[in-house]
Amino acid sequence: MTSQGIILSGLDGDRTWRLADYVKRGGYDALKKIIAEKIPADQIISEVKKSALRGRGGAGFPTGLKWSFMPRAFPGAKYIACNSDEGEPGTFKDRDILRYNPHSVIEGMVIAGYAMGCERGYNYIHGEIFEVYERFEEALQEAREAGLLGNNILGSDFSFDLFAHHGYGAYICGEETALLESIEGKKGQPRFKPPFPASFGLYGKPTTINNTETFASIPYIIREGGDAFLALGKPNNGGTKLFSVSGHVNKPGNYEIPLGTPFSTLLEMAGGVRGGRKLKAVIPGGSSAPVLPASVMMDCTMDYDSISKGGSMLGSGAVIVMDETTCMVKALERLSYFYFEESCGQCTPCREGTGWLYRVVHRIENGLGRPDDLDLLNSVTANIMGRTICALGDAASMPVQSFVKHFGDEFAFHIEHKKCLVPKDVQHEGSKIYVA
Amino acid sequence: MLSPESLKKIDREIAKYPPDQKQSASMGALRIAQEEKGWLASETIEFVAEYLGMPAIAVYEVASFYNMYDLAPVGAKKISVCTNLPCALSGGVHAADYIKKKLGIDFNETTADGQFTLKEGECMGACGDAPVLLVNNHRMCSWMTEEKIDQLLADLKK
Amino acid sequence: MLEIEIDGKQLQVPDGSTVMEAANQVGAYVPHFCYHKKLSIAANCRMCLVQVEKAPKPLPACATPVTNGMKVWTHSEQAVKAQKGVMEFLLINHPLDCPICDQGGECQLQDLSVGYGGVQSRYEEEKRVVSNKDLGPLVSTDMTRCINCTRCVRFTTEIAGLMELGQAFRGEHAEIMPFVEKTIETELSGNIIDLCPVGALTSKPFRFGARAWEMSRRKSVSPHDSLGSNLVVQIKNDQVKRVLPLENEEINECWLSDKDRFSYEALASEERLTKPMIKQGGQWAETDWATALEYVANGLKSIASEHGAGSIGALVSPHSTLEELHLSQALVRGIGSGNVDFRLRQSDFSADGKREGAPWLGMPVGKIGSLDRLFVIGSFFRKDHPLIAQRVRQAAKRGLKVSALNPAFDDWQLPVANTLNVRPSAMASSLLAVLKSLVEISGEAYDGEYGAALATAASEPAARAIAESLASGRRTAVWLGNLAVQHQDAATLHALAQEIARIARSSFGVVGEAANSVGGYLANALPVAGKGLNAAQMLANPLKAYLLLNVEPELDTAAGGSALRAVGKAEMVAVFAAFKSAAALEYADVMLPVAPFTETAGTYVNCEGRAQSFYAVVKPRGEARPAWKVLKVIGDMLGLDGFSVDSVEDVRKRVLAADGSVEPGKLGNAVHGIELKTGAVSAKLERVADVPIYFADPIARRSAPLQQTTDAAEPKARVSKATLAQIGVDAGTRVKVVSPEGAVVVTLIEDEGVAGGCVRLAAAHVLTAPLGALNGEVSVERV
Ligand SMILES: Cc1cc2nc3c(=O)[nH]c(=O)nc-3n(C[C@H](O)[C@H](O)[C@H](O)COP(=O)(O)O)c2cc1C
Ligand code: SF4
Ligand code: FES
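Order-wise, the sequence lines are chains A, B and C.
Counted the way numbering that gives the first Met the number 0 counts, the first sequence spans residues 0 to 435.
Counted the way numbering that gives the first Met the number 0 counts, the second sequence spans residues 0 to 157.
Counted the way numbering that gives the first Met the number 0 counts, the third sequence spans residues 0 to 782.
None of these hints come from the bench; they were simulated from the model.
A hint or two may mislead.
[Unchecked claim] To be clear about the criterion: a stretch of chain B counts as covered by chain A if any three or more of its residues have a C-beta under 8 Å from a C-beta of chain A, and this derived list gives those stretches: (1) 123-134; (2) 137-151.
[What the hints assert, rightly or not] If we take Cβ atoms under 7 Å as the criterion, some of the chain B residues that face chain A in the derived model are: (3) S5; (4) Q22; (5) M26; (6) G37; (7) E60; (8) V61; (9) Y65; (10) N66; (11) M67; (12) L84; (13) P85; (14) A87; (15) L88; (16) S89; (17) H93.
[Unchecked claim] Listed next, the in silico SDA-like pairs over lysine to any residue satisfying Cα-Cα at most 25 Å (straight line): (18) K77(B) with E340(A); (19) K278(C) with R624(C); (20) K417(A) with R121(C); (21) K118(B) with E340(A); (22) K204(A) with G365(C); (23) K53(C) with M0(C); (24) K300(C) with G529(C); (25) K181(C) with L51(B); (26) K53(C) with M312(A); (27) K192(A) with P55(C); (28) K250(A) with C140(B); (29) K126(C) with R358(A); (30) K366(C) with G529(C); (31) K185(A) with P414(C); (32) K181(C) with G37(B); (33) K185(A) with A40(B); (34) K48(A) with I38(A); (35) K118(B) with V434(A); (36) K8(B) with R98(A); (37) K15(B) with K77(B); (38) K126(C) with K250(A).
In this text, a Cβ means the ideal position worked out from N, Cα and C, and glycines have one as well.
The task is simple: from the sequences and hints, build the whole structure.
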């Protein structure tokens, strides 16, 4: 973990996650300051607004604005939920935050609870990282014992408790309303919006959901000020951000860099393309973000606006790097299988369409493609996009559309010649077991 | 039906949620029940439903929705290998192929001695560690070279 | 109010309306599958996508709230494109074999695909196959046809109150199913057949009975419970093929109970009586109507002259039509007897002569939804009144708090805030305790008739809680259920409930046992106090002649065993019935085949006092004839006054107002001057008898599919754990339950809903008929 930033910098792997280490790093200073100075909730929210912190879960929605949607004078319970479901292929940053700096998330959530008048929070943790869940439970226990969680935090009249809810294998639970359903003990099927969680959330009460990294950024913002955070990045794109770099690079891993850093710099930090091969394509924001050809990508800087201008999305900051040995049809086939497998099954277009997409890509990959298959893919994705309850329909469609758009020739070649442009053994060599 | 230890763990899960929202503990309770029983038989699901005061079909919906729950018996060690794209680019598929060869089974199969079941996993949120695999849902193993796979299988067989 | 424009039409809709509701108002049809006005919004089928001004993508009309100034196009290019796209997805995995599907001709998917489907499928992969599920004897499945709209799942959860179906697995593997190897048991299950927009859930009894377009549809009214659900009876070749709900928001809404829906299967049963029959020298012989009628008329004449008219009595089913009830009493009274009754399961008649009118619900059914407090006294509420309970269930979601006093509780699948679970003989003192608390809460001195009893009343926290609940409501009601009406202290319970309602300013009513529980009173099919015998008296001391109109005395009366003995001793028993039975073949002398509700015109007056007249929907089977005509002919043959009626309407006019409705003054629940029986609480075991939903009347008892349901299982004796210990036998053992009238052997099981000191054992079943009285002391012995 080579990092330059505020969330993972200076950490020493598994050895420095405990409360005492966090406190040594200035941890809980922000919370203490709030309690000691009795900082009004409004002021915290405006500090967050000032920081231009944008949600790190994928959509990049301004966090301060989201917080201001919570009804102030609502009688009864209100909730905070942290989205650590991290299931989007390519994304593995929240796991490291929870592993190496769990208290930053706890502190961020307590501050959020304070700012929005909530009494309880849940951290929804991805099913496959059980060990991380257990560590987070331990961190919660430390915080409780230190009076940083629970009743009358640090002797004030503010009370807030926080629990971990463990997922058990459903990508869709990363969608915020599916996540709420899941905490309610149901299957994770997204809810139709409106009403939005800020008015009808967990157990029907006002709820704010943010990503793990979003919460982990909060202590810094409160401690150092929103302006300081903003200055780390670029206007409208405040702060540093974690990028999970995977695929054909020499040093896959998480890199915390200021927003606005050129992609080429990030690629270099990750050790460059594996084996010195040529970069072919990059998915810059998690598997559902449109893929970009190397040429476009090399001109981008890593921030919401630049990537969006390049025709994709910064998303969760998962950068999947593919070199020249990659068969784009096979790559898409695997992603399409994922969305097919993970559709929750409620909306007709997603339930029926994701399987259709997968089967068409699968037959192209297997030499059974038909001449109008590319038109068919475009038309089926058009019939899914924007017609479903949640964005999984879009998430399944965007890869298909972008792969076909940028690598259509490769698909056409498959259909016509019933084989790949990239010889099988080259593909094999390019993606064999690789450990840096 | 479930051991006192499991029930105690389930009670701890229940305590995380507001008193009138016991059903929130269904996922945790199923996980704990599966840890004890190895898989989720209908009786187990029914027991959890009763324990939480939920309709059995509501718990079944949960058990069948999340794919880490097993609704059919699995081997003593369930190995799930991630083959999703980021992992596949760094050998996820190769690792899976290697395990298949070593155990002589395909995905969703169990070895004749009932020791191992192999599953194809979806993204585990650890793509930087590829190849990654999970043992019995809870133990994640990273950077699984062939040597490390050999070692793991040998350890698990003990 | 919000302004909205739909397809160019302007309208105003209330705040909170959806685009779908607004579109319905202007008559713009938006295609849909998952949306149903009575169910929560799922927005999962995505068929209802419409174009909304300024929205970047089409929005689902069913779930999109109207905002002020919104402009919507339901059939614009964007909307239709989206709808067609969804239709294509729905069809890719759907079998295209409409000709062999039972839903063919009435399938929403089939109908819509004509307008929205493509010509040829672009999906060339293998179609999904989903295994069928066994949902029990009423609903048949063909799950490959399912489009996952989840209407059925939402129905069981929201309307029936218990989630019995779910959508298991996810994505393309999602499947609608009950819990592994479970069937569905709600008494409202048939509604999921209507709700299913495709042929995944169809009627098992009807399966492949006819194609939708081959049947004609006739209106009718359900003859079973006191709600009077409106029916559409579907006919082919003069046979009833199927029964569906006729939507009536004020009565059954768009629902039917399974009893209303599937009882028609009895109408073609082998037990139908289709020819007049006379027993001669112990042998039954079919005969013609003239001979049979003459036999009855002569028999009545000679018995009257030999033993006096007072030795003749008529027992008339409360499921009879108003016209039948009226002519029955006219016949008996014409002969000079006063012995007629329809209150067959009642055992306390001490309120006779002290009533102000026909007991009724005291309020319109349609207003149940706006109640905020309800006190139910003595009722197997959910099974006795499935759709009234359903309305209460919905009201409970909006804040209605229900209290109940009962010697035995079932799960009503609705929250019951306060319960008093006491033995039958303690129910009166419990009501007195509620009354006492209410008076205390009111802070005023008690000014009613029962001050003396009240002075002896005890205080009890559970009673206090009920009183507080009633006192805290704004629209409250107190209802007597069937058990309260059948109770040995019915008059006392009625009087005290009435006082409770008066002090709490609640509406007061009787829910009513049968389709014509109100109509029987209106038709005077009961004795005038002192001038005739009531049902119990007629059976306690055998009469010389009985007329039984659709009554099976061993099952339909309070005292099955002695009733059977009484009719067995009579010189003449004339049975007017749609069915024969083994018992009737023993005790009857003449059997006249009369038409059930589908084969005659008539009127039922439901619990809210609404008279609902209907016509025959098919011709009478065999030589069966409408009972009103049969009674008229007998009256004429005997030369009685009052039988010069030419049509069923003529009969009706004698009971109802000119416009066919009930004269308002005739309904009334008040009783006065009741001598309260609040004395000794029994120390022995007491019987509590429910009348199970599918045993309640001769038609339901003969519907084969209903008899296969769990609700029709053989009765078991149920006692609480404490009582079990007291009796000293284990649950699951066979025991002998002994009453003063007889004894039966049944299995004993544990049931915490039963009050201590009670044995719950169902009535209206051949097995338990020998026990007689529905309540009273019993003992339990090992066998
Ligand atoms: C299919 C789907 C999967 C998602 N998965 C995640 C996830 O794993 N983690 C996450 O933080 N947000 C995920 N999101 C986004 C969340 O819905 C939500 O926008 C986010 O948690 C809000 O947090 P933020 O504002 O801090 O980004 C997902 C959204 C969709 C539609
Ligand atoms: S788009 Fe797919 S995943 Fe999202 S709610 Fe609809 S069916 Fe479920
Ligand atoms: S009717 Fe609107 S989505 Fe189904």
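Do the hints match the structure? See the list:
1. With 9 residues having a Cβ less than 8 Å from any Cβ of chain A, the region 123-134 of chain B passes the three-residue criterion, so the hint holds.
2. With a threshold of 8 Å between beta carbons, the proposed coverage of the region 137-151 of chain B by chain A holds, since 7 of its residues qualify and at least three are required.
3. Interface restraint check for S5(B): the shortest CB-CB distance to chain A comes to about 15 Å, outside 7 Å, so the restraint is violated.
4. Restraint check, Q22(B) versus chain A: the minimum CB separation of about 4 Å is within 7 Å; hint holds.
5. Interface hint status for M26(B): upheld, as the beta-carbon distance to the closest one in chain A is roughly 6 Å, under 7 Å.
6. Below 7 Å, beta-carbon pairs count as interface contacts, and G37(B) has none with chain A, the closest being about 16 Å; its hint is therefore violated.
7. At a threshold of 7 Å, the smallest CB-CB gap from E60(B) to chain A is about 5 Å, leaving the interface hint in force.
8. Here the hint on V61(B) is kept, as its CB sits about 6 Å from the closest CB of chain A, short of 7 Å.
9. Because the smallest distance between the Cβ of Y65(B) and any Cβ of chain A comes to about 4 Å, under 7 Å, the interface hint for this residue holds.
10. Taking 7 Å as the C-beta cut-off, the interface hint given for N66(B) holds, the closest approach to chain A being about 4 Å.
11. Here the hint on M67(B) is kept, as its CB sits about 4 Å from the closest CB of chain A, short of 7 Å.
12. Residue-level restraint check for L84(B) holds (minimum Cβ-Cβ distance to chain A is 5 Å; threshold 7 Å).
13. Given the 7 Å rule on beta carbons, the hint for P85(B) holds: about 4 Å separates it from the nearest Cβ of chain A.
14. The criterion of a C-beta within 7 Å of any C-beta in chain A is met by A87(B), whose closest approach is roughly 6 Å, and the hint holds.
15. The interface hint given for L88(B) holds, since its Cβ lies 4 Å from the closest Cβ of chain A, which is under the 7 Å cut-off.
16. Of the supplied interface hints, the one on S89(B) holds, with its beta-carbon coming within about 5 Å of a beta-carbon of chain A, less than 7 Å.
17. The closest approach between the C-beta of H93(B) and any C-beta of chain A is roughly 5 Å, which is under the 7 Å cut-off, so the hint is satisfied.
18. For the hint pairing K77(B) with E340(A), the CA-to-CA distance comes to about 20 Å; that is within 25 Å, so the pair holds.
19. As the CA atoms of K278(C) and R624(C) are separated by approximately 20 Å, the hinted pair is consistent with the 25 Å bound.
20. Proximity of K417(A) to R121(C) is assessed by CA-CA distance (about 21 Å); at most 25 Å being required, the pair is judged to hold.
21. This hinted pair checks out: K118(B) and E340(A) have alpha carbons roughly 14 Å apart, not beyond 25 Å.
22. In summary, the hint linking K204(A) to G365(C) is not supported, as the alpha carbons are separated by about 32 Å, beyond the 25 Å threshold.
23. Restraint check for K53(C) and M0(C): satisfied, since their Cα atoms lie roughly 21 Å apart, inside the 25 Å limit.
24. With a C-alpha separation of about 23 Å, the suggested pair K300(C) and G529(C) falls inside the 25 Å cut-off, and the hint holds.
25. A C-alpha spacing of about 19 Å is found between K181(C) and L51(B), which places the hinted pair at or below 25 Å, so the restraint holds.
26. Distance restraint check for K53(C) and M312(A): the Cα-Cα separation of roughly 24 Å lies within the 25 Å cut-off, and the hinted pair is therefore satisfied.
27. Taking the CA atoms of K192(A) and P55(C), the gap is near 15 Å; set against the 25 Å cutoff, the hint holds.
28. With a CA separation close to 18 Å, the supplied pair K250(A) and C140(B) stays within the 25 Å bound.
29. A distance of roughly 12 Å separates the Cα atoms of K126(C) and R358(A); the hinted pair therefore holds under the 25 Å criterion.
30. About 38 Å separates the Cα atoms of K366(C) and G529(C), which puts this hinted pair outside 25 Å; it is violated.
31. Taking the CA atoms of K185(A) and P414(C), the gap is near 21 Å; set against the 25 Å cutoff, the hint holds.
32. For the suggested pair K181(C) and G37(B), the alpha carbons sit about 24 Å apart, so the restraint of at most 25 Å is met.
33. Using a Cα cut-off of 25 Å, the hinted pair K185(A) and A40(B) holds, with the two alpha carbons roughly 19 Å apart.
34. With a C-alpha separation of about 16 Å, the suggested pair K48(A) and I38(A) falls inside the 25 Å cut-off, and the hint holds.
35. Our distance criterion of 25 Å between C-alpha atoms is met by K118(B) and V434(A), whose separation comes to about 22 Å.
36. For the given pair, K8(B) sits about 23 Å from R98(A) by alpha-carbon distance, which is consistent with the 25 Å threshold.
37. About 29 Å separates the Cα atoms of K15(B) and K77(B), which puts this hinted pair outside 25 Å; it is violated.
38. Simply put, K126(C) and K250(A) have alpha-carbon atoms about 44 Å apart, too far for the 25 Å limit, and the pair is violated.
In summary, the numbered hints that this structure violates are 3, 6, 22, 30, 37, 38.
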